[in-house]
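Model the full structure from these sequences, guided by the hints.
Taken in order, these protein sequences are the chains called A and B. Each residue of the first sequence is one higher than the last, beginning at 736 in the working numbering. Each residue of the second sequence is one higher than the last, beginning at 736 in the working numbering.
Keep in mind that the hints were calculated from the coordinates and are not lab data. Among these hints, one or two may not hold up.
[Claimed, not checked] Taking lysine-lysine pairs in the BS3-like style, the calculated list, with each CA pair at most 27 Å apart, reads:
1) A:K840 to B:K905
2) A:K873 to B:K943
3) B:K748 to B:K835
4) B:K974 to A:K873
5) B:K943 to B:K980
[Claimed, not checked] Among chain B residues calculated to face chain A with C-beta under 10 Å, some are:
6) L854
7) L861
8) I900
9) F1014
[Stated by the list, open to error] Listed next, with one range per pair, are the computed distances between beta-carbon atoms:
10) B:G973 to A:S978: 52 to 60 Å
11) A:E966 to B:D830: 44 to 52 Å
12) A:G843 to B:P836: 20 to 28 Å
13) B:K943 to A:G977: 15 to 23 Å
14) B:I993 to A:G977: 54 to 62 Å
15) A:G904 to B:G973: 43 to 51 Å
16) B:D830 to A:D746: 28 to 36 Å
17) B:K1030 to A:G983: 35 to 43 Å
The C-beta atom is built at its ideal place from N, Cα and C for all residues, glycine as well.
Number of protein chains: 2
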Amino acid sequence: MSKRIENYLEDRKTLIEEALKKFMPEPSGLAGDVISAMNYSLFAGGKRIRPILCIAGAEAVGGSADDVLPVACAIELIHSYSLIHDDLPIMDNDDLRRGKPTNHKIFGEAVALLAGDGLLTLAFNLMAGYGVDEKVEKTALLRVIDLIASAAGYKGMVGGQVVDISYEGKNPEPAVVEYIHTHKTGAMIAASVTAGTILAGGSEEEAKSINRYGQQIGLAFQIADDILNIEGDRRAIGKEIGSDKVRGKITYPSVFGITESKNIQKRLIDDAVESLKRFNERAETLRDLARYIIKRKT
Amino acid sequence: MSKRIENYLEDRKTLIEEALKKFMPEPSGLAGDVISAMNYSLFAGGKRIRPILCIAGAEAVGGSADDVLPVACAIELIHSYSLIHDDLPIMDNDDLRRGKPTNHKIFGEAVALLAGDGLLTLAFNLMAGYGVDEKVEKTALLRVIDLIASAAGYKGMVGGQVVDISYEGKNPEPAVVEYIHTHKTGAMIAASVTAGTILAGGSEEEAKSINRYGQQIGLAFQIADDILNIEGDRRAIGKEIGSDKVRGKITYPSVFGITESKNIQKRLIDDAVESLKRFNERAETLRDLARYIIKRKT
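Written out as structure tokens, the structure is:
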């Protein structure tokens, strides 16, 4: 990974961490427990790749992190909610996430469920509140809220999750694993980067190109996760290697084999970079991020 | 109940049912199961009182149902999501809701969880999409999305739920039951009626009065539910009478006794009507709705 992109990731991650701390409430009052649970998962680590992509999507059309921080943070809240719900015993039943006990192991299942609900709801609070208080283009913001809600809901992440669970232990055709990955992970990644572009005033055509880029890296991102679950380092990723296989999870390696999965991944990244051809050097960060996505170790 | 308000409830309910049918997707594709689960609970009956209040809140300042239908429907989606999550075994563990099997009894717990997530997310889709497509005042809409997200989240419904669950079987002071009821139920009811007023162009002062009215009837509504759980008709309400007591739920009757609960309820309705004094005959429906809330049998 180039020094440049390493510094970029570090710098933007710090911005996001600071903004998240500012936006999140302190635990207090009778419902303090659920606020603690929300904070616990949100600040339990993570690469902050989705909000970083949101910022990079803004920068590609001449915007800056300041234009999109509330939306970038809202996207991370939605990501955090999805992990809490996924880890529940009635879903994936995971005890560890990023090397730490999962939310329900600390707070109990009922509070964990509600912490997820609370984070998802707070995400929309943050986005809509941004439009009420700040000088932001209202129609662009409403488009972004619409886009993110679509990507998070039954047309995106929720749809991907339900298919993921229903095919566990089965042997589906390739179209099913593509559906799962593009919906479960790809949709929110594409929405993240596209939201940045729209909010920073990118044109319709620019937003379309960025969205295509986002879909390609989004799918590549989930294939990279699948591969890390086989070839990764347990301590680096903070959960057991091989857990997907034990559980009969539908993954690209399980359907295509690991060599072909890496070929698909490489083609997706090439296509993603190709999607950016209308952009000048401003999109260099997005090009580097595409390459980073399949090289990362965590 | 007066014939006038009976007709009003029937008429507005029909409007809402039709709009909900129009807004909801048909089950199709790989994720059809979760769409079926979302539709199942949304169309399993219900008084549609929150969206009706949203319409009535608009009418009180000279607006109409047409101005607010997408928001009114979004509110009902949020209500439906909250019931699905509440009924899960890790929460209230209810098998029956309105006389029908609860969502997880039909679709399983994982799909029910995701159906709740899907409805909550779709609600924001519907509201934001309304602003993208239609000629609606964008800042008012963003304020309404903000208000509804606040009322649904940790500052409102989610906060009330977590306290409700954590005090089950305990003997708390009166402030706790007031907190539970105002947050769990009152917040979304107040937001529903206030959203209608804001969206229909009501002034800051009008919205404040309507919000006070909403908080008062919202608390009275939950006390009425508590009383129906003791004195109601099993077939009419579609679940077992006395279930709150069996479960050690914190209710107004359990804390204040049934006579004092009825007195509190009556005072709340008087105060709610008083909150409307700045309004002319346009708010007559809201006055009738306040009285209906404590007279209803279901």
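Hints, verified against the model:
For the suggested pair K840 of chain A and K905 of chain B, the alpha carbons sit about 23 Å apart, so the restraint of at most 27 Å is met. Between K873 of chain A and K943 of chain B, the direct Cα distance comes to roughly 24 Å. Compliance with the 27 Å bound is thereby established for this hinted pair. Simply put, K748 of chain B and K835 of chain B have alpha-carbon atoms about 20 Å apart, close enough for the 27 Å limit, and the pair holds. For the hint pairing K974 of chain B with K873 of chain A, the CA-to-CA distance comes to about 45 Å; that exceeds 27 Å, so the pair is violated.
Distance check on the hinted pair: K943 of chain B and K980 of chain B sit about 36 Å apart at the alpha-carbon level, beyond 27 Å; violated. With 10 Å as the threshold, the beta carbon of L854 of chain B comes within range of chain A, its nearest partner Cβ sitting at about 9 Å, so the hint holds. A distance limit of 10 Å between C-beta atoms decides the matter here; for L861 of chain B the minimum to chain A is near 8 Å, and the interface restraint holds. The criterion of a C-beta within 10 Å of any C-beta in chain A is met by I900 of chain B, whose closest approach is roughly 5 Å, and the hint holds.
Given the 10 Å rule on beta carbons, the hint for F1014 of chain B is violated: about 25 Å separates it from the nearest Cβ of chain A. Evaluation of the 52 to 60 Å hint for G973 of chain B and S978 of chain A yields a failure: the beta carbon distance comes to about 42 Å. Restraint check, E966 of chain A to D830 of chain B: a C-beta distance of roughly 45 Å satisfies the suggested window 44 to 52 Å. Here the CB-CB span from G843 of chain A to P836 of chain B is close to 26 Å, well matched to the stated 20 to 28 Å.
In this structure the supplied range 15 to 23 Å is violated for K943 of chain B paired with G977 of chain A, their Cβ-Cβ distance being about 59 Å. The hinted range of 54 to 62 Å is satisfied by I993 of chain B and G977 of chain A, whose Cβ atoms lie roughly 59 Å apart. Against the hinted window of 43 to 51 Å, the Cβ-Cβ separation of G904 of chain A and G973 of chain B comes to about 37 Å, which falls outside the hint. Between D830 of chain B and D746 of chain A, the C-beta spacing of about 53 Å breaks the proposed range 28 to 36 Å.
Hint check: K1030 of chain B to G983 of chain A, Cβ distance near 55 Å, so the stated range 35 to 43 Å is violated.
Of the numbered hints stated above, those contradicted by the structure are hints 4, 5, 9, 10, 13, 15, 16, 17, listed in ascending order.
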